[in-house]
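Chains A and B supply the protein sequences, listed in that same order.
The opening position of the first sequence corresponds to residue 1 in our numbering, with each subsequent residue numbered one higher.
The opening position of the second sequence corresponds to residue 1001 in our numbering, with each subsequent residue numbered one higher.
To be clear, the hints were calculated from the coordinates, so they are not data collected in a lab.
Don't take each hint at face value.
Claimed, not checked - Derived DSSO-like pairs: lysine-lysine, alpha-carbon spacing no greater than 27 Å straight-line:
| # | chain 1 | residue 1 | chain 2 | residue 2 |
| --- | --- | --- | --- | --- |
| 1 | B | K1199 | B | K1171 |
| 2 | B | K1171 | B | K1142 |
| 3 | B | K1171 | A | K5 |
| 4 | B | K1142 | A | K53 |
| 5 | A | K89 | A | K133 |
| 6 | A | K5 | B | K1147 |
| 7 | B | K1184 | B | K1199 |
| 8 | A | K5 | B | K1199 |
| 9 | A | K56 | B | K1013 |
| 10 | A | K117 | A | K133 |
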Amino acid sequence: MSEEKRYLEMLDALTESLGSSEDQSLEEVTEELIAEGIDVDASISRLMQTVGKCTKAARRQALDRAREERLRTEQRSSALAIEFANLSKARLLKMIREIMSAMPDALSLSFRDLESKSDEDLASILEDLELAKQLAVEEQSHDE
Amino acid sequence: MSSRLDRFLDDEKLNELAEADWPVILPRIIKYAKAKVKKFQALGITSLDTEDLVHEAILRAFSARREWNQERYPDVGSFLKSIISSLCSHELSHYKRFRHYRFGAFEEATQDPLEAEASQVEPVASRSPNPEEVIVQEQRAKEIIEKISQLQEDDEEVQMVLLCAEEGISKPRDIAEQTGYEIKRVYNILRRLRRNLEKLRLGS
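Bound-form chain A, shown alone:
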């Protein structure tokens, strides 16, 4: 390492020390800033406005995302309802069993109970399971 570079690193370390306040009370830090000619109250007040506006904007983004997500789920749900509406009971039961065996933690439905359900109920259960499966896949790919 060149001598000059060493000095730069030394200056960096010194700057870190000068900016440290971990062991100081808030009052001590504030006193120092005032001594340095900073109008602490005014500065904090302006920065708090920034924080407030950023919080509001970020929350609005989160709401936008949630609304988009909800709309997407609703659209998928309607598409699945149409897809499953005309399937036979045997086919519905087969598909439900397939999903349940692939997602053992998702739901604990008794197969005997399923047999007693109407086609409409089975289509609805399948729809929920299929949606849950798709969301789990999405979540997994998002995590990766």
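Since the structure of chain A is provided, determine the placement of chain B on it from the hints.
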């Protein structure tokens, strides 16, 4: 619209930022930014402003254009410091392009600070410093350290802290441990050093 939605904070991080104890965090962050600005001023770069730096760091934190590694930076304060540090370490290569944002213009510019600012922010890692500027900076750093050392030649405590800096020891707690000084004493020495750094800037 896409610039707003393609990068976003997860709910947990957003809540952590939103519910942070900002009145307690901000003075410490201002102190940190002020130290960085002073370093740059001593190096002859006067384009940085303490409050602008903190403001920029807050915007970046909320817009998630800077990934928050919570293992490395477990709290909001350390996260903001890391952003400030990153902004400063790349300052030489882009300070002419740095946005000097004044708060009065905020409402006039937009109602959505994230949308407005995020599009102006370049990924910090994509910038590389100009080698010539780095050499100039290194030479200036040498001059500064030597001047500080000369100014406080007889101040044994300051010399000890400078020795620690030479070893890369920067945390006051670590300096205290290394020198055997009480922590309050270390902060007093740093105060003296800060004053002299200021004198150096005014002198130059």
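Open item on the list: Run through the hints listed earlier and report the numbers of any the structure violates, in increasing order.
Closed with: 4
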